[in-house]
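Participant: Given next are the chains, with one letter for each unit.
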Amino acid sequence: MSPLAADPAGARAEGQRLMAGFTAAGAVPVETPVLQPAEVLLDLYGEDIRARAYVTQDPLTGEMMLRPDFTVPVVQAHMAGGAEPARYCYLGRVFRKQEDPAAARASEYLQVGYELFDGADRARADAEVFALIHGLLAPLGLRAATGDIGILRAAVAGLPTTEARKSALMRHLWRPQRFRALLDRYAGRAPVTPERAALLETLTRGKRPASPAPHLGLRSRDEIAARLDRLAEDAATPPLDAAAVTALETMLAIRAKAPQALAALQGSARALPWIAPALDGLAARLNALAEAGIDPAALDFEASYGRTSMEYYDGFVFGFYAEGRADLPPVAQGGRYDALTAVLGQGGAIPAVGGVIRPALVAALKGGG
Amino acid sequence: MLKIGVPSKGRLMEQSFDWFAARGITLRRTGNAREYAGAVEGLQGVALVMLSAGEIPRELAAGRIHLGVTGTDLVRERLAGWQSHLAELAPMGFGHADLVIAVPAAWVDVETLDDLDAVAAAFRAEHGFRLRIATKYHRLVRDYLRRHGVADYQLVDSQGATEGTIRNLTAEAVADITSTGETLRANHLKILSAPPVLQSQATLLAARGADWAGCAPAARAVAERLGLALPPA
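Protein chains in written order, with this note's numbering: chain X, 1 to 369; chain F, 1 to 233.
One chain only, chain X, in its complex shape (with noise of 0.2 Å):
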């Protein structure tokens, strides 16, 4: 790419044009600060993204990361004095560090997205977001691949186990490896080492190990003898009922097109009953969608979907892929994040549902690059 080139890939035309598609729709353009503070963001996701992020120094604000989104800085700027319903639309660049040169992915790339924030009809909030969307990309002919957090986050919350076992499995939804490793370890498939069954036995017994090594750092006694109590609890919980998992685990593997999920989805809730209020919502979406002119049909849905990528995502989510192009990154994306508002606005959640699209791959299929 020439530096010198005003606009070498057509990337910020197409975005203007995008960005027109959402003013059209009733979003108000906003700006944000490329500079944003680390630490919300690292509370929000963690060390994870100090991998993605470029992370640099203030001398008076302290440690700043390069805007490698921009929700966060929409949603703070919506709850310090936005009115409901609220529609924004954005244009600019973000910033994500790429470690596999193999994959020559782009460290630097204009973004162009949609924030909706509604809480009177999540179904049709949803279906708003996903419609424009779509509109606006149906010219390429993209895959649309849907999911909704929400189901799966009702499943693990109606398990009949403990609180303590929920909000692990809960904690882990969207690191897929962890979750299976604890599931097994509930439903008591996996196997204990011996000094864990020696710990667990000494535990039940009612007493307490002692380390002969001196009590060291911020880590309490305290906070030991509690980790202890809730080990033993664990160790008296009796494993979760097999039906219960079995059926979890094939309704984490459905993938179909919309109404067969919806159909399939209905079939897992005669073991896990404590699904069907979410059920109800994915119904909802779906004729809403066709309400605003979607083919539920043409949908593929994956009970799966999203739980690889950014973890505030927990209802409703989406992505658009190039067919045969596994190559490159979605082409668009997006989902509901009630969650992230809630953390945001330290209790105070909105209902918010948003989504990004790469004017640059745009740009490239439609030169038919």
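The reader is advised that the hints may include incorrect statements.
With a straight-line cut-off of 27 Å between C-alpha atoms, the simulated DSSO-like cross-links for lysine-lysine are [said to hold, decoys possible]: (1) F:Lys190 to X:Lys207; (2) F:Lys9 to F:Lys136; (3) X:Lys97 to F:Lys136; (4) F:Lys190 to F:Lys136.
These aren't lab readings, by the way, just hints derived from the structure by calculation. Remember, it's a predicted structure, so these values are computed and weren't measured experimentally.
Dock chain F against the given chain X, drawing on the hints supplied.
Facilitator: This is chain F only, laid out in the frame that chain X set:
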């Protein structure tokens, strides 16, 4: 001129010299003991460059030296996508060290990464910030913990005396290089029962981007003595 980069002091330098000597290439330091200059005897067109072990990955990646000796830990920590810049020619059988995660031995409830993850969640809820792991190997440790699904931790930078950070209340756990675990034990720490983050040893590396055409006869001579293919495939 074919340039070989070797650590400029200590056991690593001596063992590197021994390794090359055993294969018929005599390396030696020149000048006085404090001067970082060296020579290769009996081979035309080959130069010895004395470098800090930590700089060798970067010099190789830039193609300023053709061959270099350094630990695999430094290569993997400092160079993203290192395989596209460097080729690992031969493990050299010394400088063995594991990058491991250690916690206070007094943590009788912690043994595995599972436990560390559970403790991290509880620690964050109790203290309002993420459990701190002191290390200088940020990329390696982060990749490892992500692969193993550990969450709610943060890495804090420690370039030396890492074992002391827990006592000083600047970290709750450490990730550090150890060969025998003695320093960790002396500081009342225990190594988690988990595969090491990395098993490192001194390794001979070749730079893919160096000018090999300009030193073809020397490369052939070195390749023959070492029993290796140069330039790297």
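Participant: Checked against the structure, which of the hints given earlier come out wrong?
Facilitator: none
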